[in-house]
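All residue numbers in the sequence shown are consecutive under numbering that gives the first Met the number 0, ending with 284.
None of these hints come from the bench; they were simulated from the model. No false leads were slipped in.
No more than 20 Å apart at the CA atoms, straight line, and that leaves these computed lysine-lysine pairs for PhoX-like: (1) LYS106 - LYS117; (2) LYS212 - LYS247; (3) LYS110 - LYS252; (4) LYS117 - LYS247; (5) LYS96 - LYS117; (6) LYS212 - LYS154; (7) LYS237 - LYS272; (8) LYS207 - LYS158; (9) LYS151 - LYS272; (10) LYS117 - LYS252; (11) LYS237 - LYS106; (12) LYS106 - LYS96; (13) LYS97 - LYS117; (14) LYS247 - LYS151; (15) LYS96 - LYS110; (16) LYS235 - LYS272; (17) LYS235 - LYS106; (18) LYS96 - LYS252; (19) LYS110 - LYS97; (20) LYS252 - LYS97; (21) LYS151 - LYS212.
Okay, the calculated beta carbon distance ranges per label pair: (22) LYS207 - ASN103: 36 to 46 Å; (23) GLU152 - GLN70: 22 to 32 Å; (24) THR99 - TYR67: 37 to 47 Å; (25) GLN92 - PRO209: 37 to 47 Å; (26) GLU145 - GLU93: 30 to 40 Å; (27) GLY231 - GLN157: 38 to 48 Å.
We treat Cβ as the ideally placed atom computed from N, Cα and C, and that holds for glycine.
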Amino acid sequence: MLLATFKLCAGSSYRHVRNMKGLRQQAVLAIGQELNRRALGGPSPGTWINQVRRRSSLLGSRLEETLYSDQELAYLRQGEEAMQTALDILGNQEGWKKETQQANGDKVLSKVVPDVGKVFRLEVVVDQPVERLYEELVDRMETMGEWNPNVKEIKVLQKIGKDTVITHELAAEAAGNLVGPRDFVSVRCAKRRGSTCVLAGMATQFGKMPEQKGVIRAEHGPTCMVLRPLAGSPSKTKLTWLLSIDLKGWLPKTIINQVLSQTQVDFANHLRKHLESSPAHEARC
Numbered sequence: 000m001l002l003a004t005f006k007l008c009a010g011s012s013y014r015h016v017r018n019m020k021g022l023r024q025q026a027v028l029a030i031g032q033e034l035n036r037r038a039l040g041g042p043s044p045g046t047w048i049n050q051v052r053r054r055s056s057l058l059g060s061r062l063e064e065t066l067y068s069d070q071e072l073a074y075l076r077q078g079e080e081a082m083q084t085a086l087d088i089l090g091n092q093e094g095w096k097k098e099t100q101q102a103n104g105d106k107v108l109s110k111v112v113p114d115v116g117k118v119f120r121l122e123v124v125v126d127q128p129v130e131r132l133y134e135e136l137v138d139r140m141e142t143m144g145e146w147n148p149n150v151k152e153i154k155v156l157q158k159i160g161k162d163t164v165i166t167h168e169l170a171a172e173a174a175g176n177l178v179g180p181r182d183f184v185s186v187r188c189a190k191r192r193g194s195t196c197v198l199a200g201m202a203t204q205f206g207k208m209p210e211q212k213g214v215i216r217a218e219h220g221p222t223c224m225v226l227r228p229l230a231g232s233p234s235k236t237k238l239t240w241l242l243s244i245d246l247k248g249w250l251p252k253t254i255i256n257q258v259l260s261q262t263q264v265d266f267a268n269h270l271r272k273h274l275e276s277s278p279a280h281e282a283r284c
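Assemble the whole structure, with the sequences as input and the hints as a guide.
Next comes the structure, spelled out in structure tokens:
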């Protein structure tokens, strides 16, 4: 398959087909898909972080450059950087301290990471398959405000390729209005390695979404959610959420820590309630 596709792409360099833009792009896409298929494979236990961290091959990068503008490539690379950094943080098991643990086993851990600051790590098990969570958190991202009261709105500002988007998120007031409304502009990307899905992101600049009057523009640091089937129970999902946020403005650290850890606990509760009460749509993870 790959050899035949290369021949098709090479053929597009001849003068008599040089203007067949559609043919060239189809060939490039086919090669990229085949490279991804061969590179990903299926994960083995204990290796999912290393597999997700693999970078695209040099050839894959060159093919990608033919399809996107410089700005789009910058967003794609920023999304990849966020994913690599977030997974590096999750992969280091040292230094985590327990912030809170619920009766159902949900827990939030935290630690201070050099050059990043304090990060929070939610670990929960959701009684739904990975595909169902992916559907809600990626495919139906813009509906999150309908079931999560901590989010007023999420809007996709630009889609780049099949896995990367620029979003604007408006968060609700928190801690009894001690923390006023914040908004975020972020680059987000979603990747799959075997049965594991990773949703990553970080703050970015987007000229068409300047700061809003009356709302503080906060920033996501490298953040990600990792979705994997629970060992021994593939119909359930182990969800790990790494959260890194600079809320901006003047806020005591005790308030920030309380708000962020409680936000993660609330998210898990709202997600479960929503999944139990709504039908599944078609998922693609």
